[in-house]
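The residues making up each chain are set out below.
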Amino acid sequence: MSNLIKNNAIVADEWTLVKLPAPAEETVRKQAGKVVIFKVTGEPAATPEQIEGTVIPENGKAIIPLTVWLARKEQLSARFAKGEIGVWVDSFELLEDLTDSVDDINRLPLIAINFPRFVDGRGFSMAALLRTRYGYKNELRSIGDVLRDQLYFMKRCGFDAYSIRADKSAEDALASLRDFSEPYQGAVDNPLPVWRRHARTSHHAASAGRVFSRHEDEVD
Amino acid sequence: MYIYDDIDQRIVDERVAQYRDQTRRYLAGELSDDEFRPLRLQNGLYIQRHAPMMRIAVPYGLMNARQMRKLADITRRYDKGYGHFSTRQNFQLNWPKLEDTPDILAELATVQMHAIQTSGSCIRAITADQFAGVAPDEIVDPRPFIEVMRQWSSFHPEFAGLPRKFKIAVNGAKNDRALVLTHDIGLELYKDGDGKMAVRVFVGGGLGRTPILGSKIREHLEWQHALTYCEAILRVYNLHGRRDNAFKARIKILVKALGAEEFGRQVEAEWVHLKDGPSTITQVEYDRVASFFVPNRYTALPDHDASFDAAIASNPAFAAWAKRNVHGHKVPGYRAVTLSLKKTGVPPGDVTHNQMDAIADLADRYSFGELRVSHEQNLILADVKLGDLFAVWEKAREQALATPNIGLLTDIICCPGGDFCSLANAKSIPIAQAIQEKFDDLDYLHDIGDIELNISGCMNSCGHQHVGHIGVLGVDKDGSEWYQITIGGKQGSDASLGTVIGPSFASTEVPGVIQKLIETYIANRTDEERFIDTVRRIGVAPFKAHVYAKEAA
Ligand code: SF4
Numbered sequence: 001m002s003n004l005i006k007n008n009a010i011v012a013d014e015w016t017l018v019k020l021p022a023p024a025e026e027t028v029r030k031q032a033g034k035v036v037i038f039k040v041t042g043e044p045a046a047t048p049e050q051i052e053g054t055v056i057p058e059n060g061k062a063i064i065p066l067t068v069w070l071a072r073k074e075q076l077s078a079r080f081a082k083g084e085i086g087v088w089v090d091s092f093e094l095l096e097d098l099t100d101s102v103d104d105i106n107r108l109p110l111i112a113i114n115f116p117r118f119v120d121g122r123g124f125s126m127a128a129l130l131r132t133r134y135g136y137k138n139e140l141r142s143i144g145d146v147l148r149d150q151l152y153f154m155k156r157c158g159f160d161a162y163s164i165r166a167d168k169s170a171e172d173a174l175a176s177l178r179d180f181s182e183p184y185q186g187a188v189d190n191p192l193p194v195w196r197r198h199a200r201t202s203h204h205a206a207s208a209g210r211v212f213s214r215h216e217d218e219v220d
Numbered sequence: 001m002y003i004y005d006d007i008d009q010r011i012v013d014e015r016v017a018q019y020r021d022q023t024r025r026y027l028a029g030e031l032s033d034d035e036f037r038p039l040r041l042q043n044g045l046y047i048q049r050h051a052p053m054m055r056i057a058v059p060y061g062l063m064n065a066r067q068m069r070k071l072a073d074i075t076r077r078y079d080k081g082y083g084h085f086s087t088r089q090n091f092q093l094n095w096p097k098l099e100d101t102p103d104i105l106a107e108l109a110t111v112q113m114h115a116i117q118t119s120g121s122c123i124r125a126i127t128a129d130q131f132a133g134v135a136p137d138e139i140v141d142p143r144p145f146i147e148v149m150r151q152w153s154s155f156h157p158e159f160a161g162l163p164r165k166f167k168i169a170v171n172g173a174k175n176d177r178a179l180v181l182t183h184d185i186g187l188e189l190y191k192d193g194d195g196k197m198a199v200r201v202f203v204g205g206g207l208g209r210t211p212i213l214g215s216k217i218r219e220h221l222e223w224q225h226a227l228t229y230c231e232a233i234l235r236v237y238n239l240h241g242r243r244d245n246a247f248k249a250r251i252k253i254l255v256k257a258l259g260a261e262e263f264g265r266q267v268e269a270e271w272v273h274l275k276d277g278p279s280t281i282t283q284v285e286y287d288r289v290a291s292f293f294v295p296n297r298y299t300a301l302p303d304h305d306a307s308f309d310a311a312i313a314s315n316p317a318f319a320a321w322a323k324r325n326v327h328g329h330k331v332p333g334y335r336a337v338t339l340s341l342k343k344t345g346v347p348p349g350d351v352t353h354n355q356m357d358a359i360a361d362l363a364d365r366y367s368f369g370e371l372r373v374s375h376e377q378n379l380i381l382a383d384v385k386l387g388d389l390f391a392v393w394e395k396a397r398e399q400a401l402a403t404p405n406i407g408l409l410t411d412i413i414c415c416p417g418g419d420f421c422s423l424a425n426a427k428s429i430p431i432a433q434a435i436q437e438k439f440d441d442l443d444y445l446h447d448i449g450d451i452e453l454n455i456s457g458c459m460n461s462c463g464h465q466h467v468g469h470i471g472v473l474g475v476d477k478d479g480s481e482w483y484q485i486t487i488g489g490k491q492g493s494d495a496s497l498g499t500v501i502g503p504s505f506a507s508t509e510v511p512g513v514i515q516k517l518i519e520t521y522i523a524n525r526t527d528e529e530r531f532i533d534t535v536r537r538i539g540v541a542p543f544k545a546h547v548y549a550k551e552a553a
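If you read the sequences in order, they're chains D and W. Sequential numbering from 1 applies to the first sequence in UniProt numbering. Sequential numbering from 1 applies to the second sequence in UniProt numbering.
No lab work stands behind these hints: they were computed from the structure. Treat the hints with care, as some may be off.
Claimed, not checked - The calculated DSS-like cross-link candidates involving lysine-lysine, where the alpha carbons are at most 30 Å apart (straight line), are:
no., chain 1, residue 1, chain 2, residue 2
1, D, Lys168, D, Lys34
2, D, Lys73, D, Lys61
3, D, Lys137, W, Lys385
4, D, Lys39, W, Lys550
5, W, Lys544, W, Lys490
6, W, Lys323, W, Lys343
7, W, Lys256, D, Lys30
8, D, Lys34, W, Lys477
9, D, Lys30, W, Lys477
10, D, Lys82, D, Lys39
11, D, Lys137, D, Lys73
12, W, Lys275, W, Lys330
13, W, Lys490, W, Lys343
14, D, Lys30, D, Lys73
15, W, Lys395, D, Lys168
16, W, Lys216, W, Lys165
17, W, Lys256, W, Lys165
18, W, Lys256, D, Lys34
19, D, Lys61, D, Lys39
20, W, Lys191, W, Lys490
21, D, Lys73, D, Lys19
22, W, Lys97, W, Lys323
23, W, Lys544, W, Lys516
24, D, Lys39, W, Lys516
25, W, Lys385, W, Lys395
26, W, Lys550, W, Lys323
27, W, Lys165, D, Lys30
28, W, Lys275, W, Lys438
29, W, Lys395, D, Lys34
30, D, Lys61, D, Lys30
31, D, Lys137, D, Lys30
32, W, Lys490, D, Lys168
33, W, Lys323, W, Lys385
The model shown is predicted, which means the values in this text are computed figures rather than measured ones.
Throw the hints in and build the complete structure from the sequences for me.
Listed below in structure tokens is the structure:
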């Protein structure tokens, strides 16, 4: 069964996610004795060998790594024109590299943002930028360490599709899209902060209507 | 004080439900430790040495009597009958059971309290002046502004996974009691040339391992733009702050790496796109929130009270208390009172459930039912009539809350340290207690005068030791506990960071070292000079010489 949520429903996934082959030698970086998990924004994502070695399926729709897209754009132009190419961006890559690579961002039918770890919140800002600054309107999908407790935030930042991590239930995750019914601040899904959505109570009304008795449930 | 409407209430209720389900999934094994950790942290729950520690928000240090009673009740039912006010103006439970935490949150929600974002890599509770609204040196009451920011920052989706914790302070008085220079963002509210409220913006201050004062990136920002401007700052930080090394992940490191000027330029470039957007604060919304902070219904009073004057003249103990624990007030005939949580023998900031109930009664009876929490870990009754001070003192004394030591050497700021905190290198509470015991002569304390002594059990600096006039930091040397001493730190608008005086000391030596620092001060001070002034004038060397002098053989 598919683990893809799109527009509040579990749907079949028509896209193949293409990953980079593992680098020839994996260097484990350590800092203060701890393995470094996150990459610094702007760090190179792939070696030329990895880019060359990435196998893109001959047919069907494929989401390919940004570095591969940038290096092999010409070669993919026909399939791109057919709407068969989507691009995924890692949390440490520069969004501008993607937006500069196409004359119209909306020619991409799908952009995915990778969350290498669910606590890496860069993807939230990247999504917000794609939707607001760059006017991207097509599918925006979260991939990687996508867990239900972040879905609500993702939705608010402009994602409309979520590829839930394989070992978790997408069914359960659906519920989390509705964790809060009326958020305070404006975001991509609703740019209006709550005070522009509703006439809110002032002190006068609050103290008249909702009595806040000091001894209401005095304890003892 | 701000009162929730249905929208606020629904958000905290939904949060309780969300957290309850997260805890259930964790206990059922559906969430791993690593997956649950950031979730519980963003709800103030740490797993600590003995038990979880739960941090409850007291937004900008303001609470009412009913909330205080609820906290007392919670410590009785779910903890050991006492709790702790921390240097972050919040309340900590030291022994709750993990299974109980959803119920504790549900209890809190009934009195409009929560633990949202009291920990974790997100925008934390906003720090404020404990005398906001009543301080004589106040230019702008920051509370409405902070409430607007509190709502904006609660569950802000774009900043739910920052590289590290993010702390904002807002000050609206001449003297900065909110520590704007040692926060990730410090906002200073002031009146500009046209008499309009404006904001001065500082970024990149912080304590911890790399203490640094914030840099000003904007002198004048119209208040309406505060949210969009902060969003621009946070977006630059979220995208570019380091995540490869937790020790280098605070915004101060990014600001330092880029230079404040370049960082400011990037913020401005981002802000161009956000400016004037829907998050621009409207006058209507500001006024709505401000309507909750209208001045209390004060009685018109003269600024003298014969009974007060008589009590001062006849009762030296009361006079000593009034001198240290009573503070000026905007309104004639009123004073703010600090209830000291720094009694010798009690860990700084600790209160029992009985004390909390008594404090709530005091607030109801004498101070419009409101209370404040200071980052110095004391509690404040902000609106007491001059003529009531004696009664307040007597009642506070019955509850051991009237130690007349505010601003004195024994009013120590102290983190929980090695007794509770799993990150600690060393204990901090026993050090505070040993110092308090050594300096228990009140006349001597009053003679030493204004001084701030801050203690942290490790580099994380929850006890703000870098900005203590005297700072004590627990360090680990080959597995044993040592203490490094700094002098010359200061909080406030002319903040500075302390200088290490030399090699560190064993715990038993610390009170003696403090004694020597005080001796050096007394020998060198001019009239009216406070400890910090003397350090600034004569430098560290004479202090160091006296502390490390070889005992004459
Ligand atoms: S300063 Fe260190 S020891 Fe003290 S509370 Fe903070 S983390 Fe714990």
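If you check each hint against the structure, which ones fail?
3, 4, 10, 12, 14, 15, 22, 24, 26, 28, 29, 30, 31 and 32
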